[in-house]
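Undergrad: Sequence order for the protein chains is A and B.
When we follow my numbering, the leftmost residue of the first sequence carries the number 1, and every step to the right adds one.
When we follow my numbering, the leftmost residue of the second sequence carries the number 1, and every step to the right adds one.
Errors might be hidden in some of the hints.
[Said to hold, decoys possible] Estimated spans, in silico, between C-beta atoms of each pair:
(1) B/A56 <-> A/P50: 35 to 43 Å
(2) A/P94 <-> B/S198: 27 to 35 Å
(3) B/S170 <-> A/D54: 24 to 32 Å
(4) B/F171 <-> A/G42: 37 to 45 Å
(5) B/K244 <-> A/G42: 19 to 27 Å
(6) A/N26 <-> B/S333: 46 to 54 Å
(7) A/G69 <-> B/D3: 24 to 32 Å
Hint data in this document are derived by calculation from the structure and do not stem from the laboratory.
From the three backbone atoms N, C-alpha and C, an ideal C-beta is built for every residue, glycine too.
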Amino acid sequence: MGTPVPMVDYLELGDEPRLVANECTNCGARFFDHRVACASCGGQEFTKAPVPTDGEVRAFTIVGWAPPGVPAPYVAAIVDCGGTSVKGNVVNTPPDPDHVTLGMKVRLTTFPIGTDSTGTEAIGFGFEPIEGN
Amino acid sequence: MADDVWILGINMTKFGKHPDKEAVDLASEAAIAALADGGVSMKEMGVVAAGSLMNASAGIGQQVQKQIGQTGIPVYNVANACATGATALRTVMMAIKAGEVDMGLAVGVEKLSGAGMLGAGAGKPASDEWTPSGRYGAVTGLDGRVGTDMMPGVFAQVGMEYGHRYGGTSFELFARIAEKNHSHSTLNPLAAYTKAMSLEQIMGDPMIAYPNTRSMCSANCDGAAAAVLVSDAKLKTLSLEQRKRAVKISASVLTTDPWEEACQVLPNVNTLTRNAATTAYEQAGVGPEDLDLVELHDCFATAELVHYDNLMLCPEGGAVDFFQSGATWRDGSTPVNVSGGLESKGHPIAATGIANVWEVAHHLRGEAGDRQIEGAKVGLAHVIGLGSACGVHILEKSAA
Numbered sequence: 001m002g003t004p005v006p007m008v009d010y011l012e013l014g015d016e017p018r019l020v021a022n023e024c025t026n027c028g029a030r031f032f033d034h035r036v037a038c039a040s041c042g043g044q045e046f047t048k049a050p051v052p053t054d055g056e057v058r059a060f061t062i063v064g065w066a067p068p069g070v071p072a073p074y075v076a077a078i079v080d081c082g083g084t085s086v087k088g089n090v091v092n093t094p095p096d097p098d099h100v101t102l103g104m105k106v107r108l109t110t111f112p113i114g115t116d117s118t119g120t121e122a123i124g125f126g127f128e129p130i131e132g133n
Numbered sequence: 001m002a003d004d005v006w007i008l009g010i011n012m013t014k015f016g017k018h019p020d021k022e023a024v025d026l027a028s029e030a031a032i033a034a035l036a037d038g039g040v041s042m043k044e045m046g047v048v049a050a051g052s053l054m055n056a057s058a059g060i061g062q063q064v065q066k067q068i069g070q071t072g073i074p075v076y077n078v079a080n081a082c083a084t085g086a087t088a089l090r091t092v093m094m095a096i097k098a099g100e101v102d103m104g105l106a107v108g109v110e111k112l113s114g115a116g117m118l119g120a121g122a123g124k125p126a127s128d129e130w131t132p133s134g135r136y137g138a139v140t141g142l143d144g145r146v147g148t149d150m151m152p153g154v155f156a157q158v159g160m161e162y163g164h165r166y167g168g169t170s171f172e173l174f175a176r177i178a179e180k181n182h183s184h185s186t187l188n189p190l191a192a193y194t195k196a197m198s199l200e201q202i203m204g205d206p207m208i209a210y211p212n213t214r215s216m217c218s219a220n221c222d223g224a225a226a227a228v229l230v231s232d233a234k235l236k237t238l239s240l241e242q243r244k245r246a247v248k249i250s251a252s253v254l255t256t257d258p259w260e261e262a263c264q265v266l267p268n269v270n271t272l273t274r275n276a277a278t279t280a281y282e283q284a285g286v287g288p289e290d291l292d293l294v295e296l297h298d299c300f301a302t303a304e305l306v307h308y309d310n311l312m313l314c315p316e317g318g319a320v321d322f323f324q325s326g327a328t329w330r331d332g333s334t335p336v337n338v339s340g341g342l343e344s345k346g347h348p349i350a351a352t353g354i355a356n357v358w359e360v361a362h363h364l365r366g367e368a369g370d371r372q373i374e375g376a377k378v379g380l381a382h383v384i385g386l387g388s389a390c391g392v393h394i395l396e397k398s399a400a
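Could you build all of it, start to finish, from the sequences and the hints given here?
TA: Written as structure tokens, this is what we have:
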């Protein structure tokens, strides 16, 4: 069994997992995917910028129909992490409007999503409610 | 540059299921009827612009030409998500404005019955080993694992975000918007669905993406729409009857989403719509208060709410109060989607942009039958496609 791999390359594993954005060195715009250039200013230089792991749910939906291999219903959300908007599921809470609310405080969490034919585990991420919310 | 551009003839097919007709049949039916409506023939057209998003590589414009007249004129096949029809209309408009032609035909068509959920990607790994690939270095499909790419979910979040910012939204409020549009469609014989639905029925429907149940989502269906556009100079040479029925395109605007933080993770359907509306009102020299009716892109009930605000039909942040005042019902101060909207009239994607214009044009001509908004003189048609394109057209009744 090899070292676990992150589901996406902007998820950094380790003792304290975190998301790391590509930040434009010119204007500070952040992207989670690889960029040829910045959509905001056209700059072509980027640096790695860690994203705060705590955030607030700015929008969510409870999706009733999921693609194959994804359990439904699940909660898809947009989370404001210290001014950086992050797309991710809200996990570790029942998927209903009583347990997921606009403005609720959440934190990044990781979990295994499966093992491939070589025995390597992939690690996904989501956001879980901060207790005492 | 030519002066005003007018809609001379316009038509839409019945929206719904057309199992016996191919896209080209529906498009040709609408095109022939639009030419007849304008009292002109294919020989007089200087340009064709056509769109069919699900057949974007199939040359739908040339296919239609083969059915209604191969006259050797330029054909533009356009694809611009759900704004494809509006883009076809605008393409013809630009050719006329540029002075290249004095008449042209725009067509939009889609076969979508039974298409199911749009926008969702497969979630299975590409191989039996976790191998990072693509722009996110992903080892598996991300839809459903990292938020949702499915349209009902994307637009659900758009509505929820509005609620978070301004307050006052609820599942029931969004359902009441769908209740209005389903009620409106009972007067539209060309709508895919023409039955009113109670609030209980709408809220009790299967939940697709909270807070959008099935009847709060646009109805995938088959349909086509087409329009003949004419320059001001050419219109002046036509008969009085043609001039009286012509509808002026007072504004024609297309925008895309400008950069804003967050627009990369949740498409921002607000700013590009607000920008398009602002430019359109300036072009037309009218304000939102002058509109007698609006057909806007209610691809989901949650989307209709935010576009009240984006089109400046209400003060910023005031969409909930605006809806609750009854303003957007057909007997209200600003009737919205009296056709039934995408939720009930239906949404054959590339046809929608022209069909929205058809609806407004029919009211301005006084030809909208049972659902006529009496005395309508100015109307607005809006579409949006991800991600992203927004089309806004403002139409005015002929003074002839």
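Undergrad: Take the hints in turn and mark each one as holding or not.
TA: Each hint, compared with the structure:
no., hint, in the structure
1, B/A56 <-> A/P50: 35 to 43 Å, "holds (40 Å)"
2, A/P94 <-> B/S198: 27 to 35 Å, "holds (28 Å)"
3, B/S170 <-> A/D54: 24 to 32 Å, "holds (27 Å)"
4, B/F171 <-> A/G42: 37 to 45 Å, "holds (42 Å)"
5, B/K244 <-> A/G42: 19 to 27 Å, "violated (51 Å)"
6, A/N26 <-> B/S333: 46 to 54 Å, "holds (47 Å)"
7, A/G69 <-> B/D3: 24 to 32 Å, "violated (58 Å)"
Hint check: violations occur at hints 5 and 7; the rest are consistent with the structure.
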